[in-house]
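Here the protein sequences line up with chains E and P, keeping their order.
Going by our numbering, the first residue of the first sequence is number 1034, and it counts up by one from there.
Going by our numbering, the first residue of the second sequence is number 17, and it counts up by one from there.
Please keep in mind that the hints were generated in silico from the structure rather than gathered at the bench.
Just so we're clear, the structure is a prediction, and the values are computed from it rather than from any experiment.
Glycine included, C-beta positions come from ideal geometry on N, C-alpha and C.
Hints should not be assumed to be uniformly reliable.
What the hints assert, rightly or not - DEER-style ranges, computed between Cβ atoms:
| id | chain 1 | residue 1 | chain 2 | residue 2 | range |
| --- | --- | --- | --- | --- | --- |
| 1 | P | Phe280 | E | Thr1201 | 32 to 42 angstroms |
| 2 | P | Gly197 | E | Gly1138 | 46 to 56 angstroms |
| 3 | E | Gln1198 | P | Val146 | 50 to 60 angstroms |
| 4 | E | Thr1171 | P | Gly139 | 27 to 37 angstroms |
| 5 | P | Gly45 | E | Asp1255 | 27 to 37 angstroms |
| 6 | E | Gly1210 | P | Pro18 | 20 to 30 angstroms |
| 7 | P | Pro48 | E | Val1291 | 29 to 39 angstroms |
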Amino acid sequence: MSRIRYGASNIWLEIVMIAAVVAFIFPVYVMVTMAFKSSAEVAESAIALPQSLNLENFTNAWAEGELGRALANSVVVTSLSIVLLVLIGSAAAFTIVRGGRRIHGVLLMLFLLGMMIPLQLGMVPLYTLMRDLGLLQTYTSLIVFHVGSLLPITIFLYTGFLRAQSPTYEEAARVDGASQWQVYSRIAFPLLRPVTGTVIIINAINIWNDFLTPLLYLGGSDKRTLTVAIYAFRGEYATNWGMTFAGIVMAILPVLIVYFLLQKYIIKGFASGLKG
Amino acid sequence: MPALVAYGVVVVYPSLSGAYYAFTDWNGGPYPSFIGGANFAELVQDERALASLRNTLVLSVAVVIGQSLLGLVLALALNTAIRSRNLLRTLFFAPMLLPPIAIGVLWQFMYSRGGPIDTVLSGIGLDALVQNWLGDSSVALWSVIVTVVWQHVGLSMVIFLAGLQGVPEELYEAASLNGAGRWRRFWSITRPMIGQATTIVLALTMIGGLKLFDQVFVMTSGGPGYATETLSLLMYREVFVLGHYGYGTAIALVLTMIVAMIAFVQISATRRGEVEA
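Okay, chain E solo, but in the shape it has when bound (with noise of 0.2 angstroms):
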């Protein structure tokens, strides 16, 4: 079988795959490289490599872009909204599951649903509503966001796993005497530890991500995320490829990093979480 042995016509399909991949990462290259060249160099050539690691850019897009503040907020966002998730997503999870009443599964289809409605719907009585409670331009309106926004696909993982773990550590310390909060919190979610894994990485990716919210709620203030950051490179300084890639290169860094450090289980959490 063809996964077994490696012949001939698996070194072809090795070279074909390696020539598709080196293609397919050909933008990456464009946008590494223009990083690091001037604004001449950029106006002779847009694929040829730079002539020396010029880090001007990066200093540029870093004080001009206040990236550094951008980092920061993105950083807060994202980890505070991913906290709450997990703490309340977890927590509603086991209560439907476990609940075992009635009410519990037509609040699971409640939050499901959740997951088919596009946002745009309730973009604007949202957008009304954080700005009559003076909430835009804080952190609160985005995390408030995502916290809700994301809940669906969150509890969705959640149960999906919950169910196919049986409760008897659960009933065993409820038959020692232990609180329903104490189970939740000594014995179910210890052991929700893989799926917590996947919840972490598909919310945080979208979060940290996530353009039009932040755009909308924080834009113009020095609390605007990344990705806002990296849109006002294209406004302000459109005909500096150069710095505009480097902020980018900037912004992104932190991801990549993670992602090949940790790329076996991102992409598991991907496929597994999906799949559903």
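Using the hints, position chain P against chain E.
Same frame as chain E, but now just chain P:
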């Protein structure tokens, strides 16, 4: 339950009131009045809205086809003994994790006049293929489609790979012994066995395509003319640029209906396919 509160405030209440405001003349003021289906009557007369509906559908269908076929081919190629398969998988998946807005900026440059794509094409003697990729209204939508497929093909690949790895090796061995060729093995074993993976890939891709915003927003803002205008983009413009809140939510409601319809049709159709196979 705090989950209910958060979900209610962010999704349930806004969606329901959004669905109501779609039938009003709301312009951001405090007292919108109910105007029945007037927004929708306006919508079917609005050339821009019709163009954006058409573009959204073309884009979604093209992305579904491109991304699923390429994703399947990549998954089949990487589900073999080739030595670089893990590295290749990592690289093909990588764009998935990058912010769509950054991808949009990157491809805007890729497509720019005299940019990387033009340079490569002239370099290998294909000057004839050099285009105004984002500025020509007959090409721009396809340029956007290529970008979207490039970013998300890794996800389809990974889901198909997970499906392929669930196919028992013995089935192929038995089929080979009985003289089934490569194509026959794919059609009679692989295809039905990865039915579930296919459902997921098709549904995710289609819904993702329908809601697409970031990349188009930064690459073309819907231009030239209405050539790449999508429903999400049009809604954004009507609401946050022109202040037509009621009309904007009517567009969002149309989008919601299409998403719901396609999700329903697709899931039930592929389910039936799985059972028959």
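A quick look at each hint next to the structure:
1. P:Phe280 x E:Thr1201: 32 to 42 angstroms: holds, 38 angstroms
2. P:Gly197 x E:Gly1138: 46 to 56 angstroms: holds, 48 angstroms
3. E:Gln1198 x P:Val146: 50 to 60 angstroms: holds, 58 angstroms
4. E:Thr1171 x P:Gly139: 27 to 37 angstroms: With Cβ atoms ~51 angstroms apart, the hint is violated.
5. P:Gly45 x E:Asp1255: 27 to 37 angstroms: holds, 30 angstroms
6. E:Gly1210 x P:Pro18: 20 to 30 angstroms: At roughly 26 angstroms between Cβ atoms, P:Pro18 and E:Gly1210 fall inside 20 to 30 angstroms, so the hint holds.
7. P:Pro48 x E:Val1291: 29 to 39 angstroms: Roughly 45 angstroms apart at Cβ, these two residues miss the hinted range, so it is violated.
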